[in-house]
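Participant: Protein chains in written order, with the working numbering: chain A, -13 to 269; chain B, 2 to 397.
Worth flagging that the hints you see were computed from the coordinates, not collected in a lab. Be aware that a few hints might be false.
Unchecked claim - Estimated spans, in silico, between C-beta atoms of each pair:
(1) A:R50 to B:D308: 47 to 55 Å
(2) B:T322 to A:F134: 25 to 33 Å
(3) B:Q90 to A:P34: 42 to 50 Å
(4) A:A64 to B:R282: 17 to 25 Å
(5) A:R131 to B:D308: 47 to 55 Å
(6) B:G198 to A:D6: 51 to 59 Å
Being a predicted model, the structure only gives us computed values, none of them experimental. Glycine residues also receive a C-beta, built at the ideal position from the N, C-alpha and C atoms.
The residues making up each chain are set out below.
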Amino acid sequence: MQPTDLANYLNEKLGAQVTDTKISYDQLTVTVEPDALPGAARLCKDDPELAFDFFDFMAGVDEREAGFSVVTHLYSVAHRHHLTLRALAPGGRQSPRLPTLTGVYRGANWHEREAYDMFGIEFDGHPGLLPRILTVENFEGFPLRKEFLLTSREAKPWPGAKEPGEGGKAPSEAEPGTAGDLPISTEDRAAAAKAKAERAKEKAAAMRTQKAEQRPLPEDDPHGAAELAGTAIAKDAAAGAVQGDVAAGAPGDLPGSDEPVDDPAAEAAAAEGAPPTEEGTDR
Amino acid sequence: MSETLARPGPDTRMLPGGPGEGMLVEVRGEGDLRTQDMNLNIGPQHPATHGVLRVVIDLDGEKIVRATPVIGYMHRGFEKLAEARDYRQIIALVNRHDWLSAFCNELGVAIAVEKMMKLEVPERAQWIRVLMAEWNRILNHLMFIGSFGLELGAITPVFFAFREREDIQNLLESATGGRLHFTYNRVGGLKEDLPRGFLKASQAMVANVRTRTREYRDLLEGNEIFMARTKGVGALPPDVALDYGVSGPTLHASGVPEDCRVSEPYCRYDQVDVHVPLGTRGDSFDRFACLLGRVVASLDIIEQVLDRIPPGPVNTKLPKTVKAPEGEVYVRTENPLGQGGYYLVSDGKKTPWRLKMRTPSFSNIQMIPYLLEGALVPDMIAILGSVFFVVGDVDR
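Extracted from the complex, chain A is given alone in its bound form (with noise of 0.2 Å):
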């Protein structure tokens, strides 16, 4: 069936339950009163010519102050039509409340329990909406509200502008049209990557010179290279320092020293290039 004897078709058989009807790239969105909502996926599911016996989705949507909608979508594989069926669920934002499809669709179950664990929608009839399904059981609030801010957000705004001019730390020199108007653009990223990199070399370099000058005297040094100093690790070690050599094993290198506890070769090797690999996560 077309949307629009879809919607003809459903408006005659449903009467006054059905308050509104949206059709909007080529799909049709029927709003019906919350209490109706089960008698309508039933209507949906049993009726012939609708055969709606595909249970696909179903999902929350905020509404600002009216509160939460629920969308279920309907598909039927022998007619090949589609029907999202909308609710508004009564309550507001306090205490949002729809009765359940459980009864229609076996599948309605975990999606209304994951409208519940995201918006907090309260079906009766639910067999169980607890313990919430993808967050953890102590979690606090309802994560998908709009009131629920991300965290990350929260604690830092978002690094670059979405646009060029617009504020965030974006380069204002970033032409329009080129990568000004990505994220972050991406010659600023390169720059204060080089920057980084520049900074750190620096300091790798007068750290180097400064331990070169340090090693001959064995009382400056703290770990007791003096007692090792006839091995050949000491000795290497030395002549790894006297050749501007900080690779981690020489005993001045150690924490507790003068120096700071970071590694400025690795920090300069990190701060060039060597993007982050990959998340092992292939299964």
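Please build the complex by placing chain B on the supplied structure of chain A, with the hints as guidance.
Facilitator: Okay, now just chain B, sitting in the frame of chain A:
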């Protein structure tokens, strides 16, 4: 049953020592043949589960009395994250929930945004999308062909499957730069054109994979042990499958030919022949056979597409700010694991108001208790392995 298990009664006692210590068991019946009900956790980390799915099962001897999948261990809040991102950024976000079908996931959201913005996607991009989606489908199916064998004790197929996967990943990497998360789609087209020689390499790869598919048939489909483990195990009737919203090869195995590449073609699927392999009994063996059949069907599609990719641009010029007009749209695509859908609600701003991901694995996993109840423990492996799912796709 677990209600009685929760409270120790006169007949309940603790299992002494060992891994089951502290577990409550109920002794039923009398004499030598009395049985004990046991409540057992499979997962979250267990070789028989894919990723971090946990199934709590109540056992009566070897028989599963009740099974409850516990999901959410990999919930990463993609739907919330999408609400804080530009339409172009979402593409990189949505190819991550099902990491084995990245391209197909991107495709759905790209089409949804294009539909809302009324963008005309160039012909060449449309055809390349079909090509890449089918390669991605084969990539995904090979993984499951290998792992299903592995779970049933056949070690060899997984090595064979990964050999092909490696080749195909190299091929796709040459075009997209990615091996897992391709991010090759863009709103209005593709990231860039195919590299020189890609079509020729595709042609060679099709022949290659086609011959090797026969090896899987011999190794698994014609394997007596494999048949004994899977035939008649976990039969899913078509009406129950539809009721739960099961889709993809799992649905096709039950004999329902619903595939939106056929019923509601997107991109250029309307101009190619799409063969949908169907099962008759809906058991684990049929599900596997459908999966293998889909690989061959995808190879056929790729062969049809290779000659027909027209020259031209692969991208459209986007306005500086990508804003979808107010309204809502639902776009569904046939993803490797089943029907993937995006319900996109826009309020006319730069970020979506709501993006609901309809993921095939979520609906498929929901049906699992139906198959598990009454089955035996070793059959659980065959059932879980044959309802193809990715945990990231379940939890999002």
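Participant: Taking the hints in turn, state whether each one holds.
Facilitator: Hints, verified against the model:
1. A:R50 to B:D308: 47 to 55 Å: 52 Å, holds
2. B:T322 to A:F134: 25 to 33 Å: Once the Cβ atoms are compared, 26 Å apart, the range 25 to 33 Å for F134 (chain A) and T322 (chain B) holds.
3. B:Q90 to A:P34: 42 to 50 Å: Distance hint for Q90 (chain B), P34 (chain A) holds at roughly 45 Å.
4. A:A64 to B:R282: 17 to 25 Å: Hint holds: Cβ distance 21 Å, inside 17 to 25 Å.
5. A:R131 to B:D308: 47 to 55 Å: Holds - the Cβ-Cβ distance for R131 (chain A) and D308 (chain B), about 51 Å, lies within 47 to 55 Å.
6. B:G198 to A:D6: 51 to 59 Å: 55 Å, holds
Hint compliance for this structure: every hint is met.
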